[in-house]
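Participant: We have chain A; now place chain B onto it with these hints.
Here are the chains, one letter per residue:
Protein chains: 2
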Amino acid sequence: MSQRANGSGFATAGPDFPDLPEATVARLPEYLRALHNLAEDDQDTVSSEGLAAAAGVNSAKLRKDLSHLGSYGTRGVGYDVQLLIEQIEQVLGLHESRAVALVGIGNLGHALAGYAGFATRGFHIAALFDADPHRVGERVGTMTVRDIAEVEAVVDAERISIGVIATPAHAAQRVADRLVAAGVTSILNFAPCVLVVPDGVDVRKVDLAIELQILSFHEHRKSALTALPAKAVGQ
Amino acid sequence: MSQRANGSGFATAGPDFPDLPEATVARLPEYLRALHNLAEDDQDTVSSEGLAAAAGVNSAKLRKDLSHLGSYGTRGVGYDVQLLIEQIEQVLGLHESRAVALVGIGNLGHALAGYAGFATRGFHIAALFDADPHRVGERVGTMTVRDIAEVEAVVDAERISIGVIATPAHAAQRVADRLVAAGVTSILNFAPCVLVVPDGVDVRKVDLAIELQILSFHEHRKSALTALPAKAVGQ
Numbered sequence: 003m004s005q006r007a008n009g010s011g012f013a014t015a016g017p018d019f020p021d022l023p024e025a026t027v028a029r030l031p032e033y034l035r036a037l038h039n040l041a042e043d044d045q046d047t048v049s050s051e052g053l054a055a056a057a058g059v060n061s062a063k064l065r066k067d068l069s070h071l072g073s074y075g076t077r078g079v080g081y082d083v084q085l086l087i088e089q090i091e092q093v094l095g096l097h098e099s100r101a102v103a104l105v106g107i108g109n110l111g112h113a114l115a116g117y118a119g120f121a122t123r124g125f126h127i128a129a130l131f132d133a134d135p136h137r138v139g140e141r142v143g144t145m146t147v148r149d150i151a152e153v154e155a156v157v158d159a160e161r162i163s164i165g166v167i168a169t170p171a172h173a174a175q176r177v178a179d180r181l182v183a184a185g186v187t188s189i190l191n192f193a194p195c196v197l198v199v200p201d202g203v204d205v206r207k208v209d210l211a212i213e214l215q216i217l218s219f220h221e222h223r224k225s226a227l228t229a230l231p232a233k234a235v236g237q
Numbered sequence: 003m004s005q006r007a008n009g010s011g012f013a014t015a016g017p018d019f020p021d022l023p024e025a026t027v028a029r030l031p032e033y034l035r036a037l038h039n040l041a042e043d044d045q046d047t048v049s050s051e052g053l054a055a056a057a058g059v060n061s062a063k064l065r066k067d068l069s070h071l072g073s074y075g076t077r078g079v080g081y082d083v084q085l086l087i088e089q090i091e092q093v094l095g096l097h098e099s100r101a102v103a104l105v106g107i108g109n110l111g112h113a114l115a116g117y118a119g120f121a122t123r124g125f126h127i128a129a130l131f132d133a134d135p136h137r138v139g140e141r142v143g144t145m146t147v148r149d150i151a152e153v154e155a156v157v158d159a160e161r162i163s164i165g166v167i168a169t170p171a172h173a174a175q176r177v178a179d180r181l182v183a184a185g186v187t188s189i190l191n192f193a194p195c196v197l198v199v200p201d202g203v204d205v206r207k208v209d210l211a212i213e214l215q216i217l218s219f220h221e222h223r224k225s226a227l228t229a230l231p232a233k234a235v236g237q
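Line by line, the protein sequences give chains A and B. Be aware that the first sequence starts at 3, since it is given in my numbering, and climbs by one per residue. Be aware that the second sequence starts at 3, since it is given in my numbering, and climbs by one per residue.
The hints are simulated quantities; they were obtained by calculation from the structure and are not laboratory data. Just so you know, these numbers come straight off a predicted model, no measurement behind them. A portion of the hints provided could be inaccurate.
No distinction is drawn between identical chains; accordingly, a pair holds when it is met within one copy or between any pair of copies.
Stated by the list, open to error - Below, in silico cross-link-like pairs of lysine to any residue (SDA-like), each with a Cα-Cα straight-line distance of 25 Å or less:
id	residue 1	residue 2
1	207	160
2	207	195
3	63	78
4	207	26
5	63	128
6	63	24
7	207	65
8	66	28
9	63	211
10	63	197
11	66	23
12	207	49
13	63	173
The following block holds chain A by itself, in its conformation from the complex (with noise of 0.2 Å):
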């Protein structure tokens, strides 16, 4: 994660931009994943706990992290669930919708494109693109897929500032530097890879192996605690 240098001698974004943790960037879709259910069941306020226990967090690093945003409710009656809602909005910069670009149509690709929480919560599926010619002018949904050659030219016209890739990791090098030569300034990596990118531009891996390795660990340490010799109980 890089942040743009911009020379001009400002260390941070100011004061709209306090410089949170990105732990705590990483939890705030949490909260308003959270909060937007409890809006929808006509709750106007949540205490501190009750959302915590909604986003699956504990409510102390769930304090902290509001209180970063300036947000510390109100005693006795909690958070104002509207205004909290409004708050990590405009933080997480969810006004607007941004233009996405989805590069690599396979299965990843397809479940991708399908996505419903893309369209719900600020962002919008602009352009898909491959690089196999079977794959150019398929119908995916409402949209066809587009050549890889055409990227330059679609990213300016439909102003796409985040590219999404989910093509083979011996592909997603260059698709990346095509991206970013086109303008897109984010990415959302799933090719188990790393990226090179030039500062200022932000990039996201999600590898799907790497989540069960995680989770290998946690097992293996379970099995490890059940094997444990009965007579070391109590010990």
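Facilitator: Here is chain B on its own, set in the frame of chain A:
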């Protein structure tokens, strides 16, 4: 992330399981992948800087992570690639191949079923399940989609310990309950919802819209930087 209550009075699982920070556990698979790439290139040793660059982290963090495993490298030489691979695989429990059940065989389920990373890094998909009668019986690769009604019997017969949920959100909790009742102790959840599970069951969540929202924060911050008035430059 919860750890099984072991009832033995042991606070940790013993010397084989140093109590690793969750963030360190999350980075070990990255190091492992980079090390495998180095081994394929016949590299016997690697500096902390070289490995850090290949894994996309900073080298001080890498050295600290590996020191938790008791690996400090050799001054002027670096880390032994094969030895470090073995140490990390040992800690992650990747010497065994764990059986995984995948539930929900839509686009995402198809993508996951075809994901090569699962087969090569300590995992194999042992069963596919869906609740839709139109999907049950469908061939996916070398496997056949089974009825979710069979989940208890299959989890037991195939010794499945990890469940991957790729269903719509409204079905995910019910599926999780069935997997846990059947004996699954780790869940990777792709459905956009928080799962409630008993102590001793680990859940990791992958939410694709949340990854995009985190990128949105960085995009938003970058736009604000770009929009700074010219007269402020140099202040």
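Participant: For every hint, state whether the structure bears it out.
Facilitator: Checked hints:
Proximity of residue 207 and residue 160 under a CA criterion of 25 Å is satisfied intra-copy only: 24 Å inside one chain copy versus 31 Å between copies. With identical chains, the CA atoms of residue 207 and residue 195 are at most 25 Å apart both within one copy (9 Å) and between copies (21 Å). In this assembly of identical chains, residue 63 and residue 78 lie within 25 Å of each other by CA distance solely inside one copy; the values are 19 Å within and 42 Å between copies. Both within a single protomer and between protomers do residue 207 and residue 26 lie at most 25 Å apart by alpha-carbon distance, with minima of 18 Å and 16 Å respectively.
Proximity of residue 63 to residue 128 under the C-alpha cut-off of 25 Å is found in neither arrangement, the shortest distances being 36 Å within a copy and 38 Å between copies. Within a single copy, residue 63 and residue 24 get their C-alpha atoms as close as 14 Å, and across copies as close as 16 Å, so both meet the 25 Å cut-off. Taking the closest pair of Cα atoms, residue 207 and residue 65 come within 25 Å of each other only across two copies (22 Å); inside a single copy the shortest separation is 28 Å, beyond that limit. Taking the shortest Cα distances, residue 66 and residue 28 sit within 25 Å of each other both inside one copy (14 Å) and across copies (23 Å).
Proximity of residue 63 and residue 211 under a CA criterion of 25 Å is satisfied inter-copy only: 22 Å between copies versus 28 Å inside one chain copy. Within a single copy, residue 63 and residue 197 get their C-alpha atoms only as close as 32 Å, which misses the 25 Å cut-off; across copies the closest is 19 Å, which meets it. Proximity of residue 66 and residue 23 under a CA criterion of 25 Å is satisfied in both settings, with 11 Å inside one chain copy and 20 Å between copies. Taking CA atoms no more than 25 Å apart as the test, residue 207 paired with residue 49 passes between copies only; the shortest distance there is 24 Å, against 33 Å inside one copy.
Taking the closest pair of Cα atoms, residue 63 and residue 173 never come within 25 Å of each other, the shortest separation being 40 Å inside a single copy and 29 Å across copies.
The structure fails hints 5, 13 (numbered hints given earlier, in ascending order).
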